Each structure stands twice: as C-alpha cells, then as structure tokens.
Amino acid sequence: MSVSPTQQHSDREPGTDEVTREQRYVSGLYAKLDEERELAQTRLDAVLGQSGGTPQARTERDVATSTHSDRLAQLGSVEQGLCFGRLDFHDDETTYVGRLGLFDEDHDYEPLLLDWRAPAARPFYLATAASPEGVRRRRHIRTLSRKVVGVDDEILDLSAADQGHDLGLAGEAALLAALERKRTGEMSDIVATIQAEQDQIIRDELGGVLVVQGGPGTGKTAVALHRAAYLLYTYRQQLASRGVLVVGPNSTFLRYIGQVLPSLGETGVLLATTGRLFPGATARGTDSRETAEVKGRVTMVDVLTAAVRDSQRVPGEVIEIVVESETLRITGEIAERAREKARATLRPHNVARRVFADSVVDALTEQATEHLEVDLFEGVPEIAFEEGESTDATVLDTRDVDEIRAELANSPEVREAIESLWPTVTPQRFLREFYASAERIASAAGEWLTEAERGLLARAAKSPWTTADMPLLDELAELLGEDDADQKAKQAKREREERAYAEGVLHIMEQDDELADEEILRVGDILDAELFAERQERRSALTAAQRAARDRNWTFGHVIVDEAQELSPMDWRLLMRRCPSRSMTLVGDVAQTGAPAGASSWDEMLSPYVEDRWRLRELTVNYRTPSEVMALAAVALREVDPALSVPTSVRDTGNRPWRAEAAEADLPTFAESELASVDGGTVAVLVPQGRLGAVRDAFAALLDTAAERLSVLAVEEAKGLEYDAVVVFAPEEITKGSARGWNDLYVALTRATKRLGIVHDGPLAPALSAASEPGPAPG
1 MSVSPTQQHS DREPGTDEVT REQRYVSGLY AKLDEERELA QTRLDAVLGQ SGGTPQARTE
61 RDVATSTHSD RLAQLGSVEQ GLCFGRLDFH DDETTYVGRL GLFDEDHDYE PLLLDWRAPA
121 ARPFYLATAA SPEGVRRRRH IRTLSRKVVG VDDEILDLSA ADQGHDLGLA GEAALLAALE
181 RKRTGEMSDI VATIQAEQDQ IIRDELGGVL VVQGGPGTGK TAVALHRAAY LLYTYRQQLA
241 SRGVLVVGPN STFLRYIGQV LPSLGETGVL LATTGRLFPG ATARGTDSRE TAEVKGRVTM
301 VDVLTAAVRD SQRVPGEVIE IVVESETLRI TGEIAERARE KARATLRPHN VARRVFADSV
361 VDALTEQATE HLEVDLFEGV PEIAFEEGES TDATVLDTRD VDEIRAELAN SPEVREAIES
421 LWPTVTPQRF LREFYASAER IASAAGEWLT EAERGLLARA AKSPWTTADM PLLDELAELL
481 GEDDADQKAK QAKREREERA YAEGVLHIME QDDELADEEI LRVGDILDAE LFAERQERRS
541 ALTAAQRAAR DRNWTFGHVI VDEAQELSPM DWRLLMRRCP SRSMTLVGDV AQTGAPAGAS
601 SWDEMLSPYV EDRWRLRELT VNYRTPSEVM ALAAVALREV DPALSVPTSV RDTGNRPWRA
661 EAAEADLPTF AESELASVDG GTVAVLVPQG RLGAVRDAFA ALLDTAAERL SVLAVEEAKG
721 LEYDAVVVFA PEEITKGSAR GWNDLYVALT RATKRLGIVH DGPLAPALSA ASEPGPAPG
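The numbers in the UniProt record's numbering rise by one with no breaks, and the one at position 85 of the sequence shown is 85.
None of these hints come from the bench; they were simulated from the model.
Just to be clear, a hint being listed does not mean it is correct.
Cβ-Cβ distance ranges computed for the label pairs, FRET-style [unchecked claim]:
{"no.": "1", "residue 1": "Pro119", "residue 2": "Leu144", "range": "27 to 37 Å"}
{"no.": "2", "residue 1": "Asp603", "residue 2": "Thr54", "range": "49 to 59 Å"}
{"no.": "3", "residue 1": "Arg37", "residue 2": "Arg415", "range": "44 to 54 Å"}
{"no.": "4", "residue 1": "Lys462", "residue 2": "Glu618", "range": "39 to 49 Å"}
{"no.": "5", "residue 1": "Glu110", "residue 2": "Glu133", "range": "50 to 60 Å"}
If you're wondering where the values come from, they're calculated on a predicted model, not measured in any experiment.
A virtual CB, placed ideally from N, CA and C, is assigned to each residue, including glycine.
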C-alpha cells in the first residue's frame, strides 16, 4: 500500500490515561442517554393514560404518542457505539461525535455529543493534514458496550515534530480495523469511518435523481443507507410524514442490512424488495430468466392494456333477461353504445364500469317501461281527445320509472349479465386468469410478442406469484382502478365492525364486573364503546413506513434503490409511481448487471422518466476487496467491457486466489477448510443456478452444524453481500448460463473480503488460471 508522511497515528489501549479520561466522558454520555430514555418513557406513559376529549385533543395525543414512541426507539437503537469520535480544534475547542445528539439542558443546551449528520461534525470525515479545517487532532474512540477499549489519534498539524504516515484516508487505523473484522452475516454501519468521497454523496441535496456508480467494495450500499439516515435528519419535516423507501435486490440482502439504519438512530424507513411492493401479493415463485425478461419489458404495458380492453365485451348473441315474466334484451348495439360511452370517460376499467352499467340499465328500463305501458293500455277503450290535446299521454310518471330502474339495477339477473360483459376484477384475479388462458394471451399479446414469448407467459391459475409479476399487478391496478363508492362502503363497514368489536369486549368486561364486589367501580362507568375503540386504534397506530407498506397508493418522500441496475423497465414504472417527486438515490454498478431485463447504462434506464435531469457521482476506492482478489476479478470485468477498470483497493492480504479441479461432491471439504481458515468468519459457496439444488443436498450435513457461518447460494442471491471467504464453483458454467454470464462471474469473484477460491470440474479459462494459484487437493 502506498503511504504518505502527513499524519501522526498513535494507539492507546485500556489502562492508559487517555483511555481512562475518555471512559469518564463516555460514561457521562450513557448516563445522559439513560436519563433521556426515562424521560421519554414517562412522557409516553402520561399520554397513554389520557382519554376522551375533543377530536383535536385526540389527534394531539396520537401525535404525542408517535413522537415519544419514536424517540424511545431511537434512544434504544444507539446503545452500541454511542460515541466514536472526538475533534480537538486549534482554538482549544473539543467536540465529541456520535450516533445522535445529546445536549446539556442546564447549560444553554450545550452539545455533549454531536450527531454525526450535523454540519459541525463534517470535519470528522473531511479533515486532512493538507486541509485540516481547523482540526488539530482527530480521535477515534473504540468501545465495547459501554466500555472504552482503545483510542486512535491522528495529528493533522503539519508542524508537529513527529509525523507518521497514512493512506490518505480519514481514520486509517479505524478503517483498516473495521475492514479486518470477521463478517457476521449482518452488515455493519460505517458511521465511524466514512471517507470524504462517501461523505460528499451522503450529504448531497435531497431533490432530483442522484446516481451513485461504484464497483465492488466501494461501499455503495453503506453510503445509500447512511444517506437515508442523513436525509431524515436534515429534512425531517419534509420526509417524516411520507417516509423513505429503501429497495434491495432480495430478501437475503434486506436481512443483511436490516440493523444498519436502527443503529444510526432511524427506525421509520421501509425496507422492501420489488417483490413486496404490491400490498396483497407476495412473490414466492421463480421465473425462468427468459420469462422474467419478457415480463420486464415495457411492452407489457401495451399487452395488459389490450387484455383489459378485451375483457370489455359485446355479446355475439342477444342476452335475454326475464324479470317478473317480462323478457328484456341486451343487444350488441346496446352493449356497444354503453362500452363506447364508458371508454370515452378515460377512467380505469372498474370505475368506468359504473357508466357502462348505467347505460345498459337505462336501455333495459326503457324496454320495461314500454312493456308495462302496453300491458296497462291493453283492453282499455279508445279515448276521444279534444282538438289540440296531446295524444302522448302516459300512465307512468317519473317516480314510477325511477322505481323500475332501481329494481332492474338491483336485479341479480341484470347484474349477472352486466358482470359477464364488463366484469369487476382485482389485479390478482385478472392476471391469474390471463396467464391461464392461451386464447386471452394470444389476443392481447399477438401484436407485441412472438408465439414463443407468449408461451412463456402461460401458467396454471394457482401458480405462486413471482417478483416479475409485481410490477404487472401494479400496472393492472392503474388500468383497472377501484370504484370510490365501493371503497367508502368498505370503510364504513370496517368502522361498524370496530365499534361492534369494542361493544362486545365491553360487554364481556361488564359481565366480569358483575361477579366482583358491587362496591368496585365498573368498567362501563368510565369507558364507553367509542372511547374503547379509540384506545384500540391508538394502540395499533402505525408508523409512516408501516402504513406505506399497506397502501399501494402511498407516495414516498424519497426512494433509495440498491443494485438499481438490476431493475426492469416495468420495475421502474412501479417505483416512479411510488415517488412522483422523483427524489431518488440510485446506487449500483452497470458492470454487475445480471438480471435479463436489467440496464446496461444509467441513461437507458432513466431517460424515459427524467430525460437527462439526473446527476452522477462515482465511488472509486475499494474498501472491501483485497487487491489480490480484484486482480482475478479484473479478468471477468475485461470480458464484460474492456473499457471498464476495477476500483482501487486500499489493502492487500498476501492471499492470492486459489484454484482446484474437483467434483461437486468434494465442495463440502473445501468449505470446511475455508471455515477453519477464517477462524469464526463467514464462508459462501457460490454456484450456477442450475446446480444449486444438488450442491445444497451435498452440503446438508455441514449446513446443519455451521448454518450461521456458511451459505450456499446461486450468484444472483449473493448480490450486494460479503463474506470473509468465498468458493466459486464451475465458473465456466456461470459465464455460459446467460447473456450476462460474465457479469455474474464478476459479482461472484468480488464477494470475498479475505480469501477466494475457484473449484472447477471442467475446463478453466486460461486467464482465470493465470490469475490464481494451485489450491488444496480434495479430501
């Protein structure tokens, strides 16, 4: 590693004066944290103990409950690593930096601890010896629970007598220590070791689309998550009510990053995959790569639009309806006229259906009225009219006609006939029936898809949903819509059910009271059903993120997408609907695109939605992957695009990647060896998708004993993850598995933080062989 003599570094361990001094201060911070927790809990208890009052008072209580609950969650989430840094300035001012702000109310709210996101904390990440920003010394404080276990100092004063060296990195010792830590299966935050190029991206402005391009190991994901925490801190008023959505590539990834934001003091962010962004449906199935590619095309908008129009039918034969012995007829002409009238409204299918139904009922009412008048006048003597008197006399007035119309509108026979011509459907039912009908697929997609592509869409009606289905369901929700009247009826019913439930609970409680002493105050004396229902509602109050997860129409204040290059055009339509303000942070690496419908350039991906109104920031330093591993990964990257270059690694380990020729059955032996090598760290075995089942069977026994440290995954499942050691099996099959096979291999080769091995049971590309050394023999 190249170094430069610009800073002095020193480490101090427990027992030294400096560690003892910092322990006293850190202990005081934790005492303040405990005090804040107790105060927040007291305030929450006081609010929950209140009841009744005006609607405004109830609203105020709800807000207070949410505020104090959020504060408690925030205070509880920063227990580990509360304080991690200190800045000593040339003017003798000292500032401590940590996960959230703590203040001394007795001394004009003097800051005891600065939130890392505060502007005043920026020198902790940006100051260098060349540009110290007034900082004389930067101290990294290492803690274990509430105990200070060491400090690391950087002297930024170039005039200091004793100068050390560094990598040009902020907090070099702390950073390298973090990089050398064993992986645990969960992502750690980088709040104590954020580097300058990362900090600039984290603190970029809120509005517009920010694209963060970075190769493997550059900290894209960590930057994205810290940006979410920073935005919520800086733009709390704008974002608190709408929330922030973080989209990841798969559920494994979401579990991996799940603790990062809470550790940064933020608990109100919704983490989701695109497979979970349509309430009421969950992706549990898997599409073939070819099927996923077809479903991801923007052409599917045209296919679904045509399918919805096809469902708005005109009968080939007259539909006869018998109502009270009268035969009424829905002709093709009546249905066509009603359909044109409904479509002319440009409303979604289910909303326009009311117009269609009204038009058909109007026509049937006219028929019924004519039949009734004929029946009434039949057998009545001819009436003599005076000259000039109207002969258009009728025995039915407006009220009579309205009653006939209402009767027809509510007639089961009429409703069934209208439903057969213009059905009310949910997106789920529509898509299931569409997939199950080759005839419907051919009719809607004939202009847009080939016969082979249409065949990829066909499947049984009860097949599980897949990730690629979610944006199609979302598109259908737009095309179909939901009748507002039905929504209001559902809301009214829900309110009635809640009140009935409250009344039932109170009845049971009052029965229990009757068994008690008569002198005891009964629950009915102090609590009525309305108040009880209100308490139940408050108890189940949801955060903005939780409400957003249940509401398809929710729009977020900001959306962050990791591995953004993997999303299909249909995925982007779904996400853009969730964020009409286009306030987004997109992180990824187009060199790692593996999804068949993914993008090969950022411009290709974004131009349909924001044209050229997006800004690009690049991460160029590889903090995770050793230089030896990146030398091997460069072989795959050249096959992806010779113009691309690997990011610069900040460290080497002395461990060159190894290779071995062995059978599938020998993989557990190599995995056991790697588990021993990383001494408590994590190991991943990455295999071609087609081999995953067989390899997992071979690992059944080992996975039982080392499940927390060992993972056996297809390459796409490992995207965004990292492990101490990685074994890549059958690289040649990975490269030939799809049109983006070399992209997939590049991803697989860059998941390791310490050790990388290749096991092959077929020919190995000469370039891969040249960049690795012979490894252990199997067994």
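Comparing the hints with the structure gives:
no. : hint                        : result
1   : Pro119 - Leu144: 27 to 37 Å : holds (30 Å)
2   : Asp603 - Thr54: 49 to 59 Å  : holds (55 Å)
3   : Arg37 - Arg415: 44 to 54 Å  : violated (59 Å)
4   : Lys462 - Glu618: 39 to 49 Å : holds (47 Å)
5   : Glu110 - Glu133: 50 to 60 Å : violated (21 Å)
Checked against the numbered hints above, the structure breaks hints 3 and 5 and satisfies the rest.
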